[in-house]
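Asks: Residue strings, one per chain:
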Amino acid sequence: MSRERVLQFGPSGRLIGILCEPIDATLGRSKPAVLLSNVGVSHRVGPFRLNVHLARRLAAQGYYSLRFDFAGLGDSEASPDGGSETDRAIAEASAAMDLITVRTGIDRFVMMGLCSGADKTHIVATTDQRIVGAAFIDGYAFTTWRFNCRRLTLRLLELKRIKVYIKHRWKDLQRRLLRLPKPSQAYEPTVIQPPREQAEADLLAMAQRGVKQLHLYTISVDTVYNYADQFWHMYPALRPHRSSIISERYPQVDHTLSIVAMQKIIVERLCTWIGLV
Amino acid sequence: MHALYFGPSDAPLLGLYHPVAHARPRRGVLLCYPGPEEAMRVHWAYRNLTQLLLNSGFHVFRFDYYGTGDSSGPSGEGGLHRWSRDIQLAAQEFCALAAIDVMSLVGARLGGSMVATVQLDLSDVKVAHRLLWDPVINGADYLTQLEALQHQRIANSRYPLERLLDPQAAEALGYPLRPLVTSSIRQLDLLTQPLATAQRITVLTSTPSANGGLIHQLLNKYRSIEYTTVDEPCHWSTQEVLEQALLPTQIIRRIGDLVTQPSGDVL
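Taken in sequence, the protein lines are chains A and B.
Heads up, the first sequence is in our numbering, so the first residue is 948 and it goes up one at a time.
Heads up, the second sequence is in our numbering, so the first residue is 5 and it goes up one at a time.
Isolated chain A, as found in the complex (with noise of 0.2 Å):
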């Protein structure tokens, strides 16, 4: 059970964020308080609302959470300070932060996000001492020898995925043929990240510090991670921390959750993993 408040904070009150409470809000305030952001330019409630199930699931088991949009994305409106995209996220999550503390005395936080969400909890988790874990779906990737040898391998003898390239090349030449437009007005977000042993050395630092780490991998970015070990041969600084990291890679998800049983899995998987933290 949960309930729910609307926040405006920041410089003019340009953030806004959902303040997810749960019933019991004296076990809440033992336990860290969770910040879920945007995914891309989708708005805070995130794909398919998995933002909103798993700040409700949360609450349900005593978690205070905020997912709130970053500026300029979702209903927050854009900063008209300067500055790199980094401090800025780095700020405004830490303004998110002050909130929390301010009304709920919470000064310990855990940090969720997918895709463009991991890039940002890896910007903030590594900044920001009052993260005590950080959960990233599809964060940073680094392909390995034993993914290419596996990615050669799979396109060789796997025949389902040669079917969908075979329809994806049909479908490719009956749209040019019918001069259809090509479906190309949907923003992509770029992803930038950091060289490999910028990235380690973070999460290094981060598991140092003691912040507890989980990693997830699904199927839609199998062109960069395609096995379940690639983690600790992307990374090996972390090995000697494997108690407090979990890496998994999950073959049946896909990148934006498409599928109830798929958002279930990660709900799942996460509400799990933060009784560790």
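The hints are simulated quantities; they were obtained by calculation from the structure and are not laboratory data.
In this text, all values refer to a predicted model and were calculated from it rather than measured experimentally.
From the three backbone atoms N, C-alpha and C, an ideal C-beta is built for every residue, glycine too.
Keep in mind that a hint or two might mislead.
Some chain A residues close to chain B (C-beta under 10 Å, calculated; not the full set) [unchecked claim]: (1) Q955; (2) T1051; (3) M1209.
Dock chain B against chain A, hints included.
Replies: Chain B alone, transformed into the frame defined by chain A:
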């Protein structure tokens, strides 16, 4: 902008009220989202439309229906009857907040269908204009289209999704489809249902139109409906873009023009 929860305390709805400082006469536009399957796609377009209307001196109110967005209720619940009641609640809240004299309603897809039919009892406030953007004319056709898109999604998946899907629970495009919702959508037929009163009703279609034949039947039946088409695609039924934000520019400009420019006595 003023964000708030409104409506019944046991099932509050999220509303976003965008006031303007000097609106004379006090004019407002209530934006109604499509059904849950398409609401996510138009959120950014509605934000842009809001800004355009604000710049023209109109107050704007937009909100999430029960079981959608940040409003209460689980996904898959609600239905056209309940969402139409939500529109009534939102209109009343809007009037209370903005003290407007004249209201226009704009809705895309199922939102447009509800804008066409929802009766509003707003005492002193005149409903000047109802604008339907690619409205769903026939609910059964819409459900058939959703079903076809869902089949395509399953067929195109690289993972055998049949293993994940619950055969007892219908869903479409990432949202559960509960019987109450589907039955309410199936009953929708703008060709037989009475349209609500307004000084002006406009149908705007993108190109190619999702249901051109039915639109023309509607226009033949109601000669007073204004019709406009914009040469900009929305791809409501193109599998590849269903999860991507819709960013139309010409359509938003045209809606802004239609709502803000005078036509008739009131606006």
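Asks: Double-check Q955 (chain A) for me: the hint is only fine if its C-beta lies closer than 10 Å to a C-beta in chain B.
Replies: The hint holds - Q955 (chain A) has a Cβ within 10 Å of chain B, the shortest such distance being about 6 Å.
Asks: Could you check if M1209 (chain A) really has its C-beta closer than 10 Å to a C-beta on chain B?
Replies: 7 Å, holds
Asks: Should the hint that T1051 (chain A) touches chain B count as held when the rule is a Cβ pair under 10 Å?
Replies: 19 Å, violated
Violated hint: 2 only; the structure is consistent with all others.
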